[in-house]
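Protein chains in written order, with this note's numbering: chain A, 1 to 342; chain B, 1001 to 1342; chain C, 2001 to 2342; chain D, 3001 to 3342.
Derived from the structure by calculation, the hints contain no laboratory data.
Heads up, a few of these hints could be off.
Derived Cβ-Cβ restraints for the label pairs, each shown as a range [as the list claims (entries may be wrong)]: (1) D:Thr3177 - C:Ser2010: 43 to 53 Å; (2) A:Gln147 - C:Gly2341: 50 to 60 Å; (3) B:His1006 - C:Ser2110: 46 to 56 Å.
Facing chain C, a subset of chain D residues (Cβ under 8 Å, in silico) [what the hints assert, rightly or not]: (4) Glu3052; (5) Ala3059; (6) Ile3170; (7) Thr3177; (8) Glu3310.
Glycine included, C-beta positions come from ideal geometry on N, C-alpha and C.
Single-letter residue listing:
Protein chains: 4
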Amino acid sequence: MIVLMHAEASDEQVDVVVGRITSRGLEALRLPGGDHVAIGVASAIRPEERPELESALRALPGVAHVAHVSRPYKLASREFHAASSVVEVAGAAFGGPGCVVIAGPCAVESYPQILASAQAVRSAGASLLRGGAFKPRTSPYSFQGLQLEGLEMMKAAGAEAGIGTVTEVIDAHDVETVCAYVDMLQIGARNMQNFPLLIAAGRSGHPVLLKRGPGATLDEFLFAAEYVLSQGSSRVVLCERGVHPLDRTYMRNTLDLNAVPILKDISHLPVIVDPSHGIGQARYVPAMALAAVAAGADGLIVEVHPNPSEALSDGSQSLTPAAFADLMQRLPAVAQAVGRGA
Amino acid sequence: MIVLMHAEASDEQVDVVVGRITSRGLEALRLPGGDHVAIGVASAIRPEERPELESALRALPGVAHVAHVSRPYKLASREFHAASSVVEVAGAAFGGPGCVVIAGPCAVESYPQILASAQAVRSAGASLLRGGAFKPRTSPYSFQGLQLEGLEMMKAAGAEAGIGTVTEVIDAHDVETVCAYVDMLQIGARNMQNFPLLIAAGRSGHPVLLKRGPGATLDEFLFAAEYVLSQGSSRVVLCERGVHPLDRTYMRNTLDLNAVPILKDISHLPVIVDPSHGIGQARYVPAMALAAVAAGADGLIVEVHPNPSEALSDGSQSLTPAAFADLMQRLPAVAQAVGRGA
Amino acid sequence: MIVLMHAEASDEQVDVVVGRITSRGLEALRLPGGDHVAIGVASAIRPEERPELESALRALPGVAHVAHVSRPYKLASREFHAASSVVEVAGAAFGGPGCVVIAGPCAVESYPQILASAQAVRSAGASLLRGGAFKPRTSPYSFQGLQLEGLEMMKAAGAEAGIGTVTEVIDAHDVETVCAYVDMLQIGARNMQNFPLLIAAGRSGHPVLLKRGPGATLDEFLFAAEYVLSQGSSRVVLCERGVHPLDRTYMRNTLDLNAVPILKDISHLPVIVDPSHGIGQARYVPAMALAAVAAGADGLIVEVHPNPSEALSDGSQSLTPAAFADLMQRLPAVAQAVGRGA
Amino acid sequence: MIVLMHAEASDEQVDVVVGRITSRGLEALRLPGGDHVAIGVASAIRPEERPELESALRALPGVAHVAHVSRPYKLASREFHAASSVVEVAGAAFGGPGCVVIAGPCAVESYPQILASAQAVRSAGASLLRGGAFKPRTSPYSFQGLQLEGLEMMKAAGAEAGIGTVTEVIDAHDVETVCAYVDMLQIGARNMQNFPLLIAAGRSGHPVLLKRGPGATLDEFLFAAEYVLSQGSSRVVLCERGVHPLDRTYMRNTLDLNAVPILKDISHLPVIVDPSHGIGQARYVPAMALAAVAAGADGLIVEVHPNPSEALSDGSQSLTPAAFADLMQRLPAVAQAVGRGA
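Work the whole structure out from these sequences, hints included.
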């Protein structure tokens, strides 16, 4: 940690900062020169100590800025876990040599609908089925999902089609129930900083698909992963799904593929991409899916609906089974071109 | 609702759109001319029908865009509730002629700390005491709040100092408990779209201070209010607290005062402003507080700590009691200048 | 064009809007129903009439919103030019079956430096050499380029290495001079709305590489292209180079690959991508370059410097010749995987 | 300047960084401890040396981040110019005790229009008249201004009404001409980084009203001012006019009033605010104008048109003369409430 003083800071103010650091048993180094004084903390600070120390130093008179030298999260960082993690879910290996594809409808609407989806995505080559039973919707007047009944349909459809399942959980108190029905928990973008939910998901030991919030920096995203990991779980898959768009005419969100190589570099966790929410229009989804894999993503999560124009939600961004099958046929060549097994 | 077709859309595609609208008992009007065809829905659509209809129409071939003519929320909109609402909490009237100020520390840290805060803000003229017992923190290693013990301290301090209380709730299942201790529930920016929490807060009947998410459009913000209102509550106060900053060097967030006159225009709900989180540095807080009142805000929520450099969180944005008292002395002149009783 | 009235708009206000439209010889259609009245303009409006009509209608009492049905630019739009354009520059065909790569240093620093760059990128397979002689720099204390001397070096180096050349022009009055030295003009992101410069570039007839401004919507970007095209030129290549980043810790900009399939869909102009400015760190450039091609880009522009740590500008985002050669070897497999000849 | 090394950086990489610094005659200090090594430059670096040194250090292997301790601009910074600057223009004193108001139409459309505007704003109490002769417009089909004829009308109207004048210049080669007609040059938001224009304006010695670009950080804004100041001019007034909006439904831009107290703190230059472009709708302009003054702005620039619904540009954000006169009557009370003479 480095503390930068204002140009006009007095020697007394510098002394107070140094005193605050050394009173915690840490070594402080004065770094003179230039127009300002900087003070370095020349000892390792425990992660749990950092936020308080930073907050305290920032509030001292004369302090201009407090900068971190090392990243403030630990379990999610590659600095302390050099090898890439592999998260296995129902036979699929996120972070392994292959590209794992999750596909299915936005919401479970009926048993025939989810079963048809399961069979279609399975036969096209997807590894896991997605489908929402608890739907977080911007409007209270939108379809909110079939809840428990939807979970039962997911489980039955997955079993009948022979495919693992992923569903979103939006309340910490539902985690245990949801774990009983599906193979992987999804924490949605709107809940990326729902801390009780992150903690409950981490405690469950179930694999967690954690979506980046649309306004989250990568550090905030990895802090959210750290919440899950800090409960003893190691089974977290990161998912980029688009940030707030500059251009709202043509995009629902701005799928931020920059996050893929950066997250792969700074974290050991697997990274997948959701092009459906990311760009928000079905006809642009295949291009962004292929781009995600070329950027180094470990997998995809794609919305597929047997009949998008009848969908109760997100119809305009859902691929038809035929369009999805076409994408799945084009994917292996791109995957191989970037050195990944199909 | 108006459906815009692509320039190259066929007559058959237009017919399908018209058929989809009329099959719901709604009247469709073709609007020819220019390079495109547009189709208007010439009947009132119930709010609960809109999202599905919009989603279905968007997914039809040939459709370029679906535009809303009326706002999709109802209870939060001034269109259907012309008179400004007044929300009363412990003797303070948000949306009334005066300017209501909530003040206190980010977090309850100890009984002496919260009592000193309560007495200081009370004597400076604040109407309500803020203080967090459940703290949503970016890092799992940051102080997470005193939880139930913190609630008890809030209640006792408020009673001893003779001031009403506000605290944040972050889990739907805690709403009932929190209502037993404080006069007003706060739903924080990170939870603006935590729908189970919004619903639980609405059901409680307790007044709700709803903060705008840092990436939320004003429509998304009012939809969140609509979730609370749809449960039968009418006691919602909106709070602007800053959106994602373009400039992260000097601002924690970009306090968006534009939201104040716009929200007052399109909604009947009271609107207050949080300059402390909004700009994030104590020395800029008074300027933004005065600007908020000049922009027409119905009140403020300000972080005040007896000793900011000892605060366990947000010390750098907390005013000292002296700085807060100074602000409170300058506030009435600005309030009066914009036609508001002190 | 469609005009949406406020819910409380009076019949007289509607009449005024209708009158304003019909006074221009255009047909107005009232679209009743729902809570609002909408008024459609049921005649084709000439592009040069639209901005004034829109501005006038927006300012009338009772008007809530004015929406466009057709896009307001014409020459850049695919609606009026269905076939994809091919722009030929010094033997390279942007928008043709192949993937065109422009490469070279940020700035021309010396003749040996630009010649070594030209030879290195040529031998690795690049089609055109980039290099800045006029450098727009955030700080007046940064290296501003070698100006005319730099142009001469570019021309000589291109001739000696047998490769076409691209350089940025930042002043309308320099366009003629720059055209005498290089094969393609670049208009940089900061100048995307420097209208005198766009007009001068259009008048020159020289091919123009137009970079998207970091805050520009796609419509604003295509309007900038329209300025060039409106001068009679048809040789414009669009370049996505990153928008303002949400996360400034890890990215210089957010390379917005979503723009690629969308621009290819709504415009007939070729689209290339600049991953170097887009993500801003050399070690992430290859991943984003491959992703751009997988997303459907017609080409790339990549910063390459013989010795990045000695570069006078942008060293941290420049590839070494060896890293660039490696990227060029990996590119054809991705290009072929998305159906593009190498 | 402080260089942070990656956790895994080798001792040799640290040595190379230290060597690079000391080879320039600067002193380097190693700052060990924690997980990383940091290296401080313990000598003052001349502003003109910083960008190159930073670029070179960033490109060295093992370097994670380069942080500035002091601000990289000098002439615009309060660190080196503690007293607030006052810029006098035609009798008005920006940065003095009063609040200076510039008002007038977006564009000069005819002599009667600009004269009526001049008389209206003068009689309501404005100090300077604005009006555009060269209009930078997003669309090439929009009204581009009356050019030289417009300048002549401005000069004549200002003289006849007895009020100083401000107009925008968009081409470096027009600066001299424009100076002959008006009292103050405006450099618009789209040209904030048009460096040839900034330099030409600086050389002219004429007062410059410099608008913040909609995507500019405050450091980028002050760098643009530094370009003007570096030419020997000291007469720059900063103008906040809105940044890219998160919410494009209700705002044209997000007027960023946070910039006001921050710019007043870090720079000695006067700061004014443009609420008209900032929020973009006439009915919200007065609230934002009052808020700007409460935040500490030294003045305002407001669009006023004798007949907004007939305006050739920006009609929807222009105040009528009556609405402007009303605002001017409310302004002094707010100005006085924040300690400013009317």
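For each hint, the structure was consulted:
Checked against the given bound of 43 to 53 Å, the beta carbons of Thr3177 of chain D and Ser2010 of chain C, roughly 48 Å apart, stay inside it. The hint said 50 to 60 Å for the Cβ distance between Gln147 of chain A and Gly2341 of chain C, and at roughly 52 Å that hint holds. Taking 46 to 56 Å as the suggested C-beta distance range, the pair His1006 of chain B and Ser2110 of chain C conforms, at roughly 53 Å. Restraint check, Glu3052 of chain D versus chain C: the minimum CB separation of about 6 Å is within 8 Å; hint holds.
Hint status for Ala3059 of chain D: holds, given a least beta-carbon distance of 3 Å to chain C, under 8 Å. Interface restraint check: Ile3170 of chain D against chain C, minimum CB-CB distance 6 Å, threshold 8 Å, status holds. The beta carbon of Thr3177 of chain D comes no nearer than 14 Å to any beta carbon in chain C, farther than 8 Å, and the hint placing it at the interface is violated. Nearest Cβ of chain C to the Cβ of Glu3310 of chain D: about 7 Å, under the 8 Å cut. The hint holds.
Comparing the model with each numbered hint stated earlier shows that hint 7 is the single one that does not hold.
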